[in-house]
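Colleague: Residues per chain, in single letters:
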Amino acid sequence: MSNQRRKFIKDSILASLGISLGTNIVFGHNLPEGLELIGLGESMDNQFPGKNQLMTVLNDRPINMETPAHLLNDSLTPNDLFFVRNNGLPPVNIDPTKWKLTITGESASKTKSYTISELKSKFENVSYDITLECGGNGRKEFSPPAKGNQWSVGAVGCVKWTGVRLKDVLNDVGIKSSAVYLGYYGADTHLSGDPGKDSISRGVPIAKALEEESMIAWSMNDQDLPMLNGYPLRLVFGGYPASCSGKWLEKIVIRDQVHDGQKMLGTAYRTPCSPVAPGEKVDEKDMCIIEDMPVKSLISFPKTGATIKADQLLPIAGHAWTSGREITKVEYSIDFGVSWKEATVSESTNRYAWQHFDAKVSFPQTGYYELWARATDSDGNTQPMLLPGWNPKGYLNNACHRIAVKIS
Amino acid sequence: MEDHRYDTSDSWRMLMLMINLVVVLAVLAFMYLSLEDQINDFLNRPKYTQEQLDKLTERGEMAQAKARGDNWNLIENGIHVKTGLKADKDLQLVIGACTSCHSAKLITQNRATRSGWENLIDWMQETQGLPDLGIREPAIVNYLAKHYAPEEVGRRKNIDVAAIKWYILDLDDESE
Chain U
0 MSNQRRKFIK DSILASLGIS LGTNIVFGHN LPEGLELIGL GESMDNQFPG
50 KNQLMTVLND RPINMETPAH LLNDSLTPND LFFVRNNGLP PVNIDPTKWK
100 LTITGESASK TKSYTISELK SKFENVSYDI TLECGGNGRK EFSPPAKGNQ
150 WSVGAVGCVK WTGVRLKDVL NDVGIKSSAV YLGYYGADTH LSGDPGKDSI
200 SRGVPIAKAL EEESMIAWSM NDQDLPMLNG YPLRLVFGGY PASCSGKWLE
250 KIVIRDQVHD GQKMLGTAYR TPCSPVAPGE KVDEKDMCII EDMPVKSLIS
300 FPKTGATIKA DQLLPIAGHA WTSGREITKV EYSIDFGVSW KEATVSESTN
350 RYAWQHFDAK VSFPQTGYYE LWARATDSDG NTQPMLLPGW NPKGYLNNAC
400 HRIAVKIS
Chain F
0 MEDHRYDTSD SWRMLMLMIN LVVVLAVLAF MYLSLEDQIN DFLNRPKYTQ
50 EQLDKLTERG EMAQAKARGD NWNLIENGIH VKTGLKADKD LQLVIGACTS
100 CHSAKLITQN RATRSGWENL IDWMQETQGL PDLGIREPAI VNYLAKHYAP
150 EEVGRRKNID VAAIKWYILD LDDESE
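As given, the protein sequences belong to chains U and F, one line each in that order.
Note that numbering that gives the first Met the number 0 numbers the first sequence so that position 245 is 244, with each residue one more than the last.
Note that numbering that gives the first Met the number 0 numbers the second sequence so that position 122 is 121, with each residue one more than the last.
Read the hints as simulated data drawn from the structure, not as lab findings.
It cannot be assumed that every hint is accurate.
[Unchecked claim] Restricting the straight-line Cα-Cα distance to at most 25 Å, the calculated cross-link-like pairs of lysine to any residue (SDA-like) are: (1) U:K280 / F:R12; (2) F:K156 / U:W339; (3) F:K164 / U:T55; (4) F:K164 / U:K280; (5) U:K340 / F:L170; (6) F:K156 / U:V56.
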């Protein structure tokens with residue numbers, strides 16, 4: 000940094016301090032560069048504990064942050080780069096040794112509580128690589144716009160989760176035949192501070208809860224869950240909107256009806272039961288709960304804006320994921336979809352883990368290009384190049400990811 | 000006259016002393032001239048290591064950013080710096096009504112028509128505990144509809160080419 004800029008910064012600090020103190024700071028210009036006045040300096044604590052400063056903050060109350068696409072290049076997302084979608088305020092002063100998970104509800108045979116160490120010792124410990132994606136990831140592109148956090152492409156990540164199978168715990172409690180749905184309650188508090196209100200209390204159909212990969216997890220990538228991702232305990236459901244995977248998990252209810260907790264009703268996490276025109280008004284009764292997330296992919300290398308020489312091959316890399324069995328194909332196009340070439344796709348480590356793709360791309364001549372990627376899964380589903388079906392709340396945008404490249 | 004014999008030995012001693020002094024001074028002066036840069040560097044040596052300096056500068060910048068962010072009235076390029084909201088005569092009404100419950104970022108990142116913003120206020124009143132805005136409501140809705148209106152972008156917007164930071168991708172031995 001140039002001395003001039005330093006001087007400018009120092010001058011403006013002094014000026015602004017002077018203004019805020021209502022006085023000039025005598026001899027202020029003799030202060031050594033960069034030194035703060037005693038009594039004015041405040042430590043700049045990280046507002047987002049455990050999170051990388053390069054995250055894109057969409058909202059600071061509640062905290063919502065997504066990961067820039069090029070920082071999602073790791074095969075498993077580092078904990079400090081995993082997106083955050085909070086609905087309320089995270090709990091404080093957590094003592095994991097005292098933490099209790101209670102299972103109850105109309106369709107639970109009894110009410111039973113477990114400490115975390117009881118969960119660890121009583122049930123088989125399992126690890127799965129599972130992709131979680133916010134139901135509203137990609138909302139930013141919908142037109143007419145939908146209200147809410149304007150996620151671009153980075154409300155997604157895949158980590159190694161460690162915990163116990165939810166079904167093992169549910170079976171230990173006992174599930175009545177009347178069971179339809181599972182709901183969760185967490186220790187986070189409503190933004191208004193009203194203790195009678197839950198910030199979010201969603202869930203999944205009982206069949207989803209009993210899947211092999213449905214987990215109660217205490218660890219991400221062999222470390223404690225980050226505070227903002229649900230420390231010390233959370234649910235993990237692959238292939239469903241991440242809002243189903245309750246954080247700061249304290250209570251699970253086995254319901255004999257579709258769970259009616261906060262953000263299960265109305266229009267939250269729902270799309271029109273039958274397709275509508277863009278901008279059409281949809282009655283609440285015609286909105287259906289989102290279950291499976293669509294097939295999707297992301298180019299994580301290079302970062303958009305790469306410039307290379309005409310004789311160079313461009314290495315590209317990224318991930319693809321689906322709520323179906325697996326990704327079978329990832330293609331890329333450099334001519335706006337006129338022609339597609341296949342990338343190499345890795346095997347899936349387990350269901351709901353994202354798979355990696357890479358390719359070396361050649362360009363016919365100099366100029367501006369867009370690199371588009373689209374994945375296809377084992378059900379034959381693929382990604383649209385335009386926006387998928389418009390919906391009032393802007394969910395499920397799986398339009399192909401695009402980056403810009405220049406050949407000079 | 001013999002008594003007046005001039006004792007020259009003292010004068011000689013004096014002369015030799017002067018010559019010695021001159022030589023010593025000349026040597027010192029020569030040393031100073033030849034080592035001037037090193038001596039100055041030593042006297043002016045930095046009191047902090049580069050690492051410390053970097054850290055101090057960083058803290059200075061952070062303090063400045065904070066001072067800037069803490070200034071409630073600062074408006075730059077038509078934007079209220081503290082909240083990021085567009086400056087307007089009704090700005091304080093909007094700050095008062097909205098930001099006690101949620102971040103101003105929830106406003107600035109959203110776009111809606113007048114009726115869209117009205118519906119949103121209704122929804123917050125019905126489900127999120129927002130009290131009746133009374134006579135302030137028309138001004139607040141006007142502000143939102145004026146400054147945060149949607150733009151027509153069709154089925155898919157172009158990549159925001161103006162926002163791209165172009166860079167040379169160093170491929171080294173990556174490409175064959």
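Colleague: To test your reading of the hints: which numbers does this structure violate?
Modeller: Violated hints: 1 and 4; rest satisfied.
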